[in-house]
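Enquirer: Now for the letters of each chain:
Number of protein chains: 2
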Amino acid sequence: MPKPTFYNLKEEKKRRIFQAAVQEFASHKFSEASLNRIVKTAKIPWGSFYQYFDNKEDLYLYIIKELSKYKWDALEQAGVDNIDGDFFNIIREKLIALIELRKQNPDYAHIALLQEMDDSDFIRKVRGDSTKRWKEIIERDKKSGLIKEEIDADVMIDMFYSFLLLNFYRTGLDDEEKFMATLDEAIKIMREGVSVR
Amino acid sequence: MPKPTFYNLKEEKKRRIFQAAVQEFASHKFSEASLNRIVKTAKIPWGSFYQYFDNKEDLYLYIIKELSKYKWDALEQAGVDNIDGDFFNIIREKLIALIELRKQNPDYAHIALLQEMDDSDFIRKVRGDSTKRWKEIIERDKKSGLIKEEIDADVMIDMFYSFLLLNFYRTGLDDEEKFMATLDEAIKIMREGVSVR
DNA sequence: GAAGGATATGAGATGGTTCTCACAATTGCA
DNA sequence: TGCAATTGTGAGAACCATCTCATATCCTTC
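As they're listed, the protein sequences go chains V and F.
Numbered by numbering that gives the first Met the number 0, the letters in the first sequence go through residues 0 to 196 in order.
Numbered by numbering that gives the first Met the number 0, the letters in the second sequence go through residues 0 to 196 in order.
Source of the hints: derived by calculation from the structure; they are not laboratory data.
Here the structure is a predicted model, which is why all the values come from computation and not from measurement.
Note that the Cβ used here is the ideal one computed from N, Cα and C, for glycine as well.
One thing to keep in mind: the hints can contain errors.
[As the list claims (entries may be wrong)] Using C-beta positions, here's what the derived DEER-type ranges look like:
{"id": "1", "chain 1": "V", "residue 1": "SER47", "chain 2": "F", "residue 2": "GLU31", "range": "23 to 33 Å"}
{"id": "2", "chain 1": "V", "residue 1": "ASN7", "chain 2": "F", "residue 2": "VAL195", "range": "52 to 62 Å"}
{"id": "3", "chain 1": "F", "residue 1": "ALA77", "chain 2": "V", "residue 2": "LYS2", "range": "32 to 42 Å"}
{"id": "4", "chain 1": "V", "residue 1": "ARG15", "chain 2": "F", "residue 2": "MET0", "range": "40 to 50 Å"}
Work the whole structure out from these sequences, hints included.
Expert: Take a look at the structure:
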């Protein structure tokens, strides 16, 4: 985490550093992000950087934490957590909220995705385990007779997660409609299957 | 592509360079692979490398091409292309053959995967469009009444592809059984859906 | 306004990368 | 064998990365 010196900085300077880091981490995965560019963009001297942070990892962790805070705040405000509906409805609503979020701050969303795609050991450590909540929802849906008892929740989440990862990543900001259409088709397939009965 | 000088090399030396490159590209994505390590492992002087190849990209393209040749040869020998069955059966058989291949040469398979995960512009250009064949199979299955007409083949392939990518990637060599179990569960979900009818 | 701790600063240390080039060695052929 | 063409060689150029450190400057408090 940042050193006290960083927190003592004037807001304007803190913001400049934060913005520069976000910009860099949004356009390069962690391993390829350059402190050189960050300090240049933020217009702070090299030495200063090490007054504020221990190293690149330190900065990255800080940025990730801040963006995560921002994301959960926004999702909470959108009231996404108390939707009644099955697994698919909830995930769909959440994605709509995330798309909205991305519209306001494309860089923020992009960092989260790069983080997922980057498979370095360090990044793996950072990646949280967010599947637990989804598993609970699926089990609940099984109990209420919406989802077949014999379905493996882990596989189901895995399918959805990998699908979202690649699609959200590939789809630019521009093509929200196409993303939603693809998503709905995928939900249909997972709900009903592809086989003719 | 390699310079003529490379092809004129003695087999032993060619093999040494090829092996060193495979080893490096199997353990690092393209952008992080180091020529330094490659020439060291291959035990060739720095200058020699540039007698054989234009640069790192040139070497990488060559390796990819060779491995692709190897892969298709092996799949053909396994007689994977003339299986009668639906989309899922064919893809399942092909994966079994690929797992076999990976057993013999883990590095080769790993390179193919790193290639898929690496999203640099250069790598994107290299990535072939292998979805066309799968689309044909799905359309055939629609005609023969196995798959619902209204299913979007692109989305179906996308779901499967992204699922495989992440799972094949995550699953080590050790856990073939678990991978197959997960795969079969995913096929079941895509075939029949998760909803209770 | 002087003292002293906190902060700012950027040159350069250090180590990594790709790639070049002048020359040495080897090979193939007349 | 002798000459020309091909190939081998490794030191180092050029660049870029992270990180340190001695010194300058600012800022607070008495």
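Enquirer: Against this structure, judge whether each hint is valid.
Expert: So, going through the hints one by one against the coordinates:
| no. | hint | verdict |
| --- | --- | --- |
| 1 | V:SER47 - F:GLU31: 23 to 33 Å | holds (28 Å) |
| 2 | V:ASN7 - F:VAL195: 52 to 62 Å | holds (59 Å) |
| 3 | F:ALA77 - V:LYS2: 32 to 42 Å | violated (59 Å) |
| 4 | V:ARG15 - F:MET0: 40 to 50 Å | holds (47 Å) |
The earlier numbered hint that this structure contradicts is number 3, and it is the only one.
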